[in-house]
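Quick note, the sequences are listed as chains A and B, same order.
In terms of this note's numbering, the first sequence has 78 at position 78, counting the first letter as 1, and numbering is strictly consecutive.
In terms of this note's numbering, the second sequence has 499 at position 273, counting the first letter as 1, and numbering is strictly consecutive.
One or more hints might be untrue.
Unchecked claim - No more than 35 Å apart at the CA atoms, straight line, and that leaves these computed lysine-lysine pairs for DSBU-like: (1) A:K168 - B:K521; (2) B:K233 - A:K65; (3) B:K517 - A:K28; (4) B:K510 - A:K104; (5) B:K354 - A:K168; (6) B:K233 - A:K80; (7) A:K80 - B:K521; (8) B:K298 - B:K282; (9) B:K429 - A:K65; (10) A:K28 - B:K419; (11) B:K299 - A:K65; (12) B:K298 - A:K65; (13) A:K168 - B:K298; (14) A:K65 - B:K510; (15) B:K406 - A:K164; (16) B:K299 - A:K80; (17) A:K18 - B:K299; (18) B:K282 - A:K168; (19) B:K517 - A:K14; (20) B:K521 - A:K14; (21) B:K511 - A:K18; (22) A:K104 - B:K282; (23) A:K80 - B:K419; (24) A:K14 - B:K282; (25) B:K510 - A:K14.
What the hints assert, rightly or not - Footprint (simulated), chain B over chain A, 3 or more residues, beta carbon under 8 Å: (26) 45 to 54; (27) 64 to 72; (28) 84 to 92; (29) 97 to 108.
As the list claims (entries may be wrong) - Computed, partial: chain B to chain A, Cβ under 8 Å: (30) S353; (31) V361; (32) R364.
Simulated from the structure, these hints should not be mistaken for laboratory data.
As the structure is a computational prediction, the values presented were derived from the model and not from experiment.
C-beta: ideal position from N, C-alpha, C; glycine also.
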Amino acid sequence: MISIRNLSKQYGTKEVLKQIHLDFEQGKVYGIVGENGAGKTTLFRCIAGLEDNEGEILSHLTPLKNHLGLLLTEPFFFPKITGKEYLHLLCQARDIQISNMEDKNIFDLPLNQYAATYSTGMKKKLALTAILLQGNEYFILDEPFNGVDIQSNILITEIIHQLKALGKTVIISSHIFSTLSDTCDEIQVMSQGNLIKSVQKPDFAALETEIKQMTLGKKLDKLGLA
Amino acid sequence: MCNRHLKDAGIHPLLAYVLMTALFLGLSVYLFQSTEFAPYIYLLVALSLIGNLSEKRRTEFLRLCFGDSGMKKIRICENVLASVPFLAFLLYQQLFVYLALLVALVILMALSHFKTAFQWTLWTPFSKRPFEFTVGFRNTFYLFIMAYALAVMAVVQNNFNLGLFALLIVFTTCLFYHSKAENEYYVWSFHLKPRAFLLRKIKTALLYSTLLALPIALLLSYFFYQNMGIILLFMVLAWAFLISMIVSKYSEYPNEIYLAPSILLALCLWFPPLLLIFIPYYFKKSENRLKRLLK
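Work the whole structure out from these sequences, hints included.
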């Protein structure tokens, strides 16, 4: 379990996270939604320990970062490192020995090619494979479905279901609502650094309608398409 | 861009340019004193450095912004300007043929359009422990070929200094593998304490740099066995500088190496025993700096 208490974060005078209280339980999948700049990625970086912050982040496995798989929105790759070497690097970082790397290549990635030359979706799949091989207890997936093909989309959804079945905690952000409603038990809505709503599975459809209405409003009328 | 990088690193551009000029002149003089093949090596080094400006995406960007003929003019200007220090030294040495050859080659390089028909991955003996040596070796493998060739030439010509220069190329290249701060994710991912992380980095760097230098060191030890002590001393100093570079890098992490460690490192070059103070001090500083990411 991860407990977040009074989490605040400022960049200069700009407050990007305001007094966040959250609990992420074991064996559950959580979604975080919010407009661009709402603070989702900053929240993830704070949980991971990549950002200094005010407040407390507690977990039953400490230090949290050593049991956390973090999939960044845009994973960074060195220019001349192959997919296989990237997996080696991230596994070695956690002292995990993987002998049959090719067998674990569930996304059929060209592991002997330089990872920096991969497409956006392939990069995401490689980074996801790495954190899965690390055998983490917690997963933060920042837009895992971004840029991946439909087959991989299905595969990632199934992976999340399996992680949940194994009792792992998964936190996802996505701008594709259907992917969240397929995978999550609970969705947290963020706006301007605040958590404004927590929605349980039975109310996902209502949340989707609400977001749609809030987003669209009468914007399309302005275009005069009808 | 260069000035911005220097300022980000806390180094005054003027100071950096003075130091770089001094280093460039020192190495050039040393090379020309060491071997009669210096002009060839000089041309090779110049072309390999200037070749970095021909990077495909960069050239494409220039073509998009300024059109084909504009891009070619800019590229010629860039290459000629970048080769000015080499041209000036060749002029000073009165090597006019090599000077003309270098001008012609850099212009040709600016006008050439390199295409790779297939994607290939260069094999490296360092794949098992990425990333510094894996990436670095792939970027600079030609320097090792050159260094090994120089070592053979040193033996053929019975020129021990040239052999030492070859060793210097190997270790200086390895030093640069640790000059840039990596993305924080690649430090954060390790489940090691700062001390263990630093020791692992140092161990890998010492092992792999020795692996690269070993052919030259063995060759020189066999053919210049009377200078074995100098070779050993050189290796020990090179290892110490490699460790210094690593601890300097992480002492400012995630920022680039700042002014203070750069100046102190330069002082150590002048008076190497300072390394005995420098390394433990910056090791401690690095440990503290890494505590945020490696809990």
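Structure-based check of each hint:
{"no.": "1", "hint": "A:K168 - B:K521", "in the structure": "holds (22 Å)"}
{"no.": "2", "hint": "B:K233 - A:K65", "in the structure": "holds (33 Å)"}
{"no.": "3", "hint": "B:K517 - A:K28", "in the structure": "holds (31 Å)"}
{"no.": "4", "hint": "B:K510 - A:K104", "in the structure": "violated (39 Å)"}
{"no.": "5", "hint": "B:K354 - A:K168", "in the structure": "holds (29 Å)"}
{"no.": "6", "hint": "B:K233 - A:K80", "in the structure": "holds (27 Å)"}
{"no.": "7", "hint": "A:K80 - B:K521", "in the structure": "holds (29 Å)"}
{"no.": "8", "hint": "B:K298 - B:K282", "in the structure": "holds (13 Å)"}
{"no.": "9", "hint": "B:K429 - A:K65", "in the structure": "holds (24 Å)"}
{"no.": "10", "hint": "A:K28 - B:K419", "in the structure": "holds (30 Å)"}
{"no.": "11", "hint": "B:K299 - A:K65", "in the structure": "violated (51 Å)"}
{"no.": "12", "hint": "B:K298 - A:K65", "in the structure": "violated (50 Å)"}
{"no.": "13", "hint": "A:K168 - B:K298", "in the structure": "violated (56 Å)"}
{"no.": "14", "hint": "A:K65 - B:K510", "in the structure": "holds (23 Å)"}
{"no.": "15", "hint": "B:K406 - A:K164", "in the structure": "violated (39 Å)"}
{"no.": "16", "hint": "B:K299 - A:K80", "in the structure": "holds (30 Å)"}
{"no.": "17", "hint": "A:K18 - B:K299", "in the structure": "violated (53 Å)"}
{"no.": "18", "hint": "B:K282 - A:K168", "in the structure": "violated (44 Å)"}
{"no.": "19", "hint": "B:K517 - A:K14", "in the structure": "holds (26 Å)"}
{"no.": "20", "hint": "B:K521 - A:K14", "in the structure": "holds (27 Å)"}
{"no.": "21", "hint": "B:K511 - A:K18", "in the structure": "holds (33 Å)"}
{"no.": "22", "hint": "A:K104 - B:K282", "in the structure": "holds (34 Å)"}
{"no.": "23", "hint": "A:K80 - B:K419", "in the structure": "holds (27 Å)"}
{"no.": "24", "hint": "A:K14 - B:K282", "in the structure": "violated (39 Å)"}
{"no.": "25", "hint": "B:K510 - A:K14", "in the structure": "holds (34 Å)"}
{"no.": "26", "hint": "45 to 54", "in the structure": "holds (count 4)"}
{"no.": "27", "hint": "64 to 72", "in the structure": "holds (count 4)"}
{"no.": "28", "hint": "84 to 92", "in the structure": "holds (count 7)"}
{"no.": "29", "hint": "97 to 108", "in the structure": "violated (count 0)"}
{"no.": "30", "hint": "S353", "in the structure": "holds (5 Å)"}
{"no.": "31", "hint": "V361", "in the structure": "holds (5 Å)"}
{"no.": "32", "hint": "R364", "in the structure": "holds (4 Å)"}
Checked against the numbered hints given earlier, the structure breaks hints 4, 11, 12, 13, 15, 17, 18, 24 and 29 and satisfies all the rest.
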